[in-house]
Amino acid sequence: MDTTRKTIILFSGDFDKVMAAFIIANGAAAMDDEVTMFFTFWGLNALRRPEKIATSRKSPLQKAFGAMMPRGPGRLALSHMNFAGAGPKLMQRMMRQQNVMSLEELIASAREQGIKMVACTMSMDIMGLRAEELIDGLEFAGVASYLVDADEANVNLFI
Amino acid sequence: MTVATEELKALAIAKVVDARGTSCPGPILAAKKSIGGVPVDGVMEVLATDSGTLKDLPAWSKKMGHEFLGSFDDAGYLHLYLRKLK
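One line per chain: the protein sequences are B and V, in this order. When we follow the working numbering, the leftmost residue of the first sequence carries the number 1, and every step to the right adds one. When we follow the working numbering, the leftmost residue of the second sequence carries the number 1001, and every step to the right adds one.
Because the hints were derived from the structure by calculation, they are not lab data.
Taking beta-carbon pairs under 7 Å as the criterion, some of the chain V residues facing chain B (in silico): (1) G1021; (2) T1022; (3) S1023; (4) P1025; (5) I1028; (6) L1029; (7) K1032; (8) W1060; (9) K1063.
Ideal Cβ placement from N, Cα and C applies to all residues, glycine included.
Chain B with its partners taken away, still in its complex shape (with noise of 0.2 Å):
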């Protein structure tokens, strides 16, 4: 069979979903699909760095958002079952014991497949954040540079 292009957009922030996003990326990857996650609203926190980065010329309600919004893989929160945050820990837990890869390794592992991970710039700007607070090897870029990769995909996905 030939190689085909498998289209996901992240849009949610949640745990679980992201853990979803990223195992279909892979799994596809791993069959020599070429692979186009884009990541917008709640889905870019999946890609901030866990450290404060200080920014400048953010508005007091940027800040804000940046402040209350998780940063990165270890801080997202669960569908269902959140438990204040004890939610994730568990299942992150419970990952572990069924040797399930951590969300840290998927991002990990994606980009090592060469997995296109696009940051949605309309969002970011809405939210105040920077690229200095996302992860190395993203592509900064809106709905029209999806859509082109979705017109060859056989599959897109919204999460």
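Dock chain V against the given chain B, drawing on the hints supplied.
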């Protein structure tokens, strides 16, 4: 077309991939990483404990253009075999 266990055991193996203990998508990632080191027409053996691999490795083989030969369960883990075709 799968092959009987005795025939699988008799195959000359070009590479063994140990994906035991990993869960989806671990075995597929391991197969992808290792197939490059297998010569064309060579047989790769994948060891796995995740039962989903019984379905996933044949699917991966088909998509990648390789021939899945078969599998058997032995001593609590799976042995799966495929022939690299290109």
